[in-house]
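Engineer: Each chain, letter by letter, is given below.
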Amino acid sequence: MASRQPRFNQQVLIDTTPLPDSIPKVPEIGSSSAPLLSASYFIGARCKAYNDDYMLCKTESNGKGETECLKEGRKVTRCAASVLEDVNKSCLQQFREHWECLDNNNQQLWQCRRWERPLNKCVFDNLNLEKKIPGAPTNEIPVHLRKRQIFAHSIATQ
Amino acid sequence: MFGFSGAALSKIRAMQNGGKRARHSVDQWDRQMMDRDRRLTGFLRGQTDNVLAPAGFELSNAWKVERGFT
Numbered sequence: 167m168a169s170r171q172p173r174f175n176q177q178v179l180i181d182t183t184p185l186p187d188s189i190p191k192v193p194e195i196g197s198s199s200a201p202l203l204s205a206s207y208f209i210g211a212r213c214k215a216y217n218d219d220y221m222l223c224k225t226e227s228n229g230k231g232e233t234e235c236l237k238e239g240r241k242v243t244r245c246a247a248s249v250l251e252d253v254n255k256s257c258l259q260q261f262r263e264h265w266e267c268l269d270n271n272n273q274q275l276w277q278c279r280r281w282e283r284p285l286n287k288c289v290f291d292n293l294n295l296e297k298k299i300p301g302a303p304t305n306e307i308p309v310h311l312r313k314r315q316i317f318a319h320s321i322a323t324q
Numbered sequence: 061m062f063g064f065s066g067a068a069l070s071k072i073r074a075m076q077n078g079g080k081r082a083r084h085s086v087d088q089w090d091r092q093m094m095d096r097d098r099r100l101t102g103f104l105r106g107q108t109d110n111v112l113a114p115a116g117f118e119l120s121n122a123w124k125v126e127r128g129f130t
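Here the protein sequences come in this chain order: A and B.
So for the first sequence, this note's numbering puts the first residue at 167; every next one is plus one.
So for the second sequence, this note's numbering puts the first residue at 61; every next one is plus one.
Note that these hints are calculated values from the structure, not bench results.
By construction, the Cβ of each residue, glycine as well, lies at the ideal position given by its N, Cα and C atoms.
Mixed in with the good hints, there may be bad ones.
Here are the simulated DSSO-like cross-link-like pairs (lysine-lysine), alpha carbons at most 30 Å apart as the crow flies [said to hold, decoys possible]:
{"id": "1", "chain 1": "A", "residue 1": "LYS255", "chain 2": "B", "residue 2": "LYS80"}
{"id": "2", "chain 1": "B", "residue 1": "LYS124", "chain 2": "A", "residue 2": "LYS237"}
{"id": "3", "chain 1": "A", "residue 1": "LYS241", "chain 2": "B", "residue 2": "LYS80"}
{"id": "4", "chain 1": "B", "residue 1": "LYS80", "chain 2": "A", "residue 2": "LYS297"}
{"id": "5", "chain 1": "A", "residue 1": "LYS191", "chain 2": "B", "residue 2": "LYS80"}
{"id": "6", "chain 1": "B", "residue 1": "LYS80", "chain 2": "A", "residue 2": "LYS230"}
Which stretches of chain B does chain A cover? Using the computed rule of at least three CB atoms under 8 Å from a CB of chain A, they are [to be verified]:
{"id": "7", "region": "62-68"}
{"id": "8", "region": "80-94"}
{"id": "9", "region": "100-106"}
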């Protein structure tokens with residue numbers, strides 16, 4: 167019934183009924199895909215607890231997570247909005263250069279390391295957030311710190 | 061010969077994509093994110109780094125409707 171993705175849809179329905187007033191209103195994040203990808207590791211560094219809480223709630227709710235995990239979702243949204251606001255205030259130029267590069271390169275992080283390094287340094291200096299890749303093996307240099315990116319198109323953007 | 065046609069094709073693709081290189085290997089996640097970008101900015105490849113979404117954004121996500129099979 168409604169449990170699978172629609173396959174033959176010809177129409178869309180936009181429901182403009184707002185949420186009831188009993189649910190606190192949190193404004194949605196206004197960044198699109200490239201700035202979000204660029205800031206994602208910093209959002210992860212600051213908001214790890216809230217994100218893990220939300221994912222645990224969704225996993226444990228057995229399909230009812232959309233309605234039962236609204237509270238955790240509000241916390242996630244507020245935390246991510248705070249990270250984006252801080253990055254916008256302190257490192258706007260490096261941030262913009264990085265996500266413009268990502269947008270031009272199919273959202274592939276390894277093509278844009280040249281602009282990622284000043285952004286990481288600026289965010290670490292101003293906001294004390296460090297990018298760490300979760301689950302990376304500890305006996306090797308992480309990919310974002312290596313000098314040579316083996317899949318990048320050109321040397322100039324590594 | 062190939063250089064000219066390659067350059068012309070990539071120029072056409074850039075014009076279709078708002079001055080950026082075309083996206084390839086787009087999967088469902090990327091399609092979902094590009095749809096979100098279209099709802100936020102009005103263009104499929106538009107990007108913005110505002111912190112808060114414009115008013116009405118949370119209500120603009122569309123349900124895909126299909127007729128039931130009986």
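Engineer: A separate judgement is required for each hint: does it hold in the structure or not?
Structural biologist: How the hints compare with the structure:
With a CA separation close to 26 Å, the supplied pair A/LYS255 and B/LYS80 stays within the 30 Å bound. At roughly 26 Å between alpha-carbon atoms, B/LYS124 and A/LYS237 fall within 30 Å of each other, so this suggested pair holds. The hinted pair formed by A/LYS241 and B/LYS80 fails the criterion: a straight-line CA distance of about 35 Å is larger than 30 Å. This hinted pair checks out: B/LYS80 and A/LYS297 have alpha carbons roughly 27 Å apart, not beyond 30 Å.
Restraint check for A/LYS191 and B/LYS80: not satisfied, since their Cα atoms lie roughly 36 Å apart, outside the 30 Å limit. Taking the CA atoms of B/LYS80 and A/LYS230, the gap is about 40 Å. The hint is violated against a cut of 30 Å. Here's how the region 62-68 of chain B fares: 0 of its residues keep a CB closer than 8 Å to some CB of chain A, so the rule of at least three is not met and the hint is violated. By the rule of at least three residues with a Cβ nearer than 8 Å to a Cβ of chain A, the coverage given for the region 80-94 of chain B holds, with 8 such residues.
Figure legend: the region 100-106 of chain B, annotated as covered by chain A; annotation consistent (4 residues with Cβ-Cβ distances under 8 Å, at least 3 required).
Figure legend: structure checked against the earlier numbered hints; hints not met, in rising order: 3, 5, 6 and 7.
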